[in-house]
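Student: Work from the hints to combine the two standalone chains into their complex.
As a plain string of letters, each chain reads:
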Amino acid sequence: MPNIKVDEARCKGCELCTAACVKKCIVMSTTFSVTGYYPAVCCAPERCTGCGLCAQICPDLAITVFKEEKAKA
Amino acid sequence: MLQVNRRPESLVDVKMHYCPGCGHGIVHRLVAEVMDELKIRERTIGVAPVGCAVFADHYFNCDMIQGPHGRGPAIATGIKRSKPQCIVFSYQGDGDLASIGMAETIHSAGRSENITIIFINNAIYGMTGGQMAPTTLVGQKATTCPLGRDPKVNGYPIRVCELLAQLDGSRYLERTSIHTAAHVIKAKKAIKKAFQCQIDGKGFSLVEVLSTCPTNMGISPLDACKFVQEKLLPQYPLGVFKDSDGGMNNVSRN
Chain Z
1 MPNIKVDEAR CKGCELCTAA CVKKCIVMST TFSVTGYYPA VCCAPERCTG
51 CGLCAQICPD LAITVFKEEK AKA
Chain X
1 MLQVNRRPES LVDVKMHYCP GCGHGIVHRL VAEVMDELKI RERTIGVAPV
51 GCAVFADHYF NCDMIQGPHG RGPAIATGIK RSKPQCIVFS YQGDGDLASI
101 GMAETIHSAG RSENITIIFI NNAIYGMTGG QMAPTTLVGQ KATTCPLGRD
151 PKVNGYPIRV CELLAQLDGS RYLERTSIHT AAHVIKAKKA IKKAFQCQID
201 GKGFSLVEVL STCPTNMGIS PLDACKFVQE KLLPQYPLGV FKDSDGGMNN
251 VSRN
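As you go down the protein sequences, you meet chains Z and X in turn.
The opening residue of the first sequence carries number 1 in the working numbering; numbering runs sequentially from there.
The opening residue of the second sequence carries number 1 in the working numbering; numbering runs sequentially from there.
Chain X extracted, bound-state conformation (with noise of 0.2 Å):
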């Protein structure tokens, strides 16, 4: 009999602590499978955030640093600046990335700096309880807007992608979803293209991977799937937002 699938180097061989259907296991395992198809375990250093994905150095079988809340990029950006020949990548949740970290995310695509980010949007804060997080839907409840997130007092969702996609310095921005199989293997094809272009030197890249939070959200695993299928695919499109060289002229939208 032949093996279909096997689980990928780049992972420790342990349980995971993720709720049942967090799409954080999901989203370690098509990293790790990048970095096995790459070839560059041996010389990634991961950077772990701040949040349900807290523990990432116990399951990614690369180096990892722990950073503090948000601050990822600023962290990958010595490691890279000090150990410019490692493959350096920032593993980071919308609490993280979109919020507190905001500035360093910005101006960290602005220098064009030469990391990856996988930023994991699943529209609430996961760790602390279901908050609001800054890419809550219009109308989506959460612990602090227990009646529905009111553009009036709580703004409006940010797109990560569109924002940075304007700055001259990212370099590939691509929105992914993993709420079924299918969109599962684009989103490995797109972080792949993400660590080729950190591989090729391009500067920064970003891979947007809308995912569930089944626990905060407070629906079962399927239910969360519908809810990306019919509530965050409307707010965030998905597509590849920049796949440019540094050129000006070379820059797509779809």
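For reference, chain Z alone in the conformation it holds in the complex (with noise of 0.2 Å):
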């Protein structure tokens, strides 16, 4: 399934992820990161595609995308 990493100790909280994200899988965590931000978490691992938008917008690059690799044919 689709998922995305979350550096947590590089993630300064700025939320640009989360308009980035189209499906709306992300939100800003409710507890302080190490290094004193919110960071972004994935609520919804169901709905994200891997289409790495959010890792495109991140500033930080605190962002790391998985996708399913497909069957060739």
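What the hints contain is simulated information worked out from the structure, not anything from laboratory work.
Any given hint might turn out to be false.
Here are the simulated DSS-like cross-link-like pairs (lysine-lysine), alpha carbons at most 25 Å apart as the crow flies [what the hints assert, rightly or not]:
1. K5/Z / K141/X
2. K231/X / K152/X
3. K152/X / K67/Z
Not everything, but these chain Z residues come out facing chain X in the computed CB check (under 10 Å) [said to hold, decoys possible]:
4. P2
5. V6
6. A9
7. C11
8. G13
9. K24
10. Y37
11. G52
12. Q56
13. T64
14. E69
Built from N, CA and C at the ideal position, the CB exists for glycine as well.
Tutor: Set out below in structure tokens:
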């Protein structure tokens, strides 16, 4: 299943990814990260399509996007 | 699982010092990805500006030099002329390029130096504390015009791409933005074209990137993106202002 991994130590909580996500599956955490920001978390991995738009807009390269490999026909 | 994106090799694996939501991080990544894709990292020399991106040499994994305020194009000219096999880019903000460095910018374009300039336009001075920049919009508040920019006192904003498009020496000029993911992807294409223009030896190329400075604009990063969409885009229309190989009739505008 496509998913994203947010590096909490790098995330500065700017919320740009929450607006970029078409499926609205990124929200801000309610707990502090080690750097004192509210980091982004994926709240609905089942909706994630692995499009990578959140990683495109992330200024701190904190988001890594994973996608399932397509089976070769 | 397939990893869709990965950190470009041309970007050092350290945490950046920029404020949350700052556009510099995005543009750094785009330039680094372009360097990777064109396989020019080993022969690229960058010029870091004065401003928030003064520490760009900590982040770009290529040779870097840091220049005095506004003198990026002059330094890039010297490097390119002494080492023509190198790819030279200058990374500058609006206070750097359009204010104190305007003479260097115009004359390097006029001489058609074979360099690439990445111009970050966020309509405000960042590092020095939110002063009015030459690109600040009429009516926009800054610390040196707290009631908003008044054209009678402070003049009008300067459109750099349009200005340089008049010069015969400029070869590739495009204005892009990074306020949405779609614009980020377009901005990367523009930066790649500008570097390709230099590799092909055509001459002066400049990519203007409309960016955000949430800290000094005093708004949230999301509101700063809205500001770019609603206020900056009408004043600074996006598009290719020049794509020429030196022939006078090959000038395109949109």
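Student: Indicate, hint by hint, whether the structure satisfies it.
Tutor: How the hints compare with the structure:
1. In summary, the hint linking K5/Z to K141/X is not supported, as the alpha carbons are separated by about 38 Å, beyond the 25 Å threshold.
2. Of the supplied pair hints, the one linking K231/X and K152/X holds, its CA atoms being roughly 20 Å apart against a limit of 25 Å.
3. At roughly 56 Å between alpha-carbon atoms, K152/X and K67/Z are farther apart than 25 Å, so this suggested pair is violated.
4. About 8 Å separates the beta-carbon of P2/Z from the nearest beta-carbon of chain X, less than 10 Å, and the hint is met.
5. This hint is violated: V6/Z has a C-beta 13 Å from the nearest C-beta of chain X, more than the 10 Å allowed.
6. Below 10 Å, beta-carbon pairs count as interface contacts, and A9/Z has one with chain X at about 7 Å; its hint therefore holds.
7. With 10 Å as the threshold, the beta carbon of C11/Z comes within range of chain X, its nearest partner Cβ sitting at about 9 Å, so the hint holds.
8. Among the interface hints, the one on G13/Z holds; its C-beta lies about 6 Å from the nearest C-beta in chain X, closer than the 10 Å criterion.
9. A hinted interface residue such as K24/Z counts as satisfied when its beta carbon comes closer than 10 Å to some beta carbon of chain X; here the least separation is about 14 Å, so the hint is violated.
10. For the restraint placing Y37/Z at the interface with chain X, the shortest Cβ-Cβ distance is roughly 7 Å, inside the 10 Å limit, so the hint holds.
11. The criterion of a C-beta within 10 Å of any C-beta in chain X is met by G52/Z, whose closest approach is roughly 5 Å, and the hint holds.
12. For Q56/Z, the shortest C-beta to C-beta distance to chain X is roughly 4 Å, which falls under 10 Å, so the interface hint holds.
13. Checking T64/Z against chain X: minimum C-beta separation of about 6 Å stays under 10 Å; hint holds.
14. For E69/Z, the interface hint holds, the least distance from its beta-carbon to any beta-carbon of chain X being 5 Å, beneath 10 Å.
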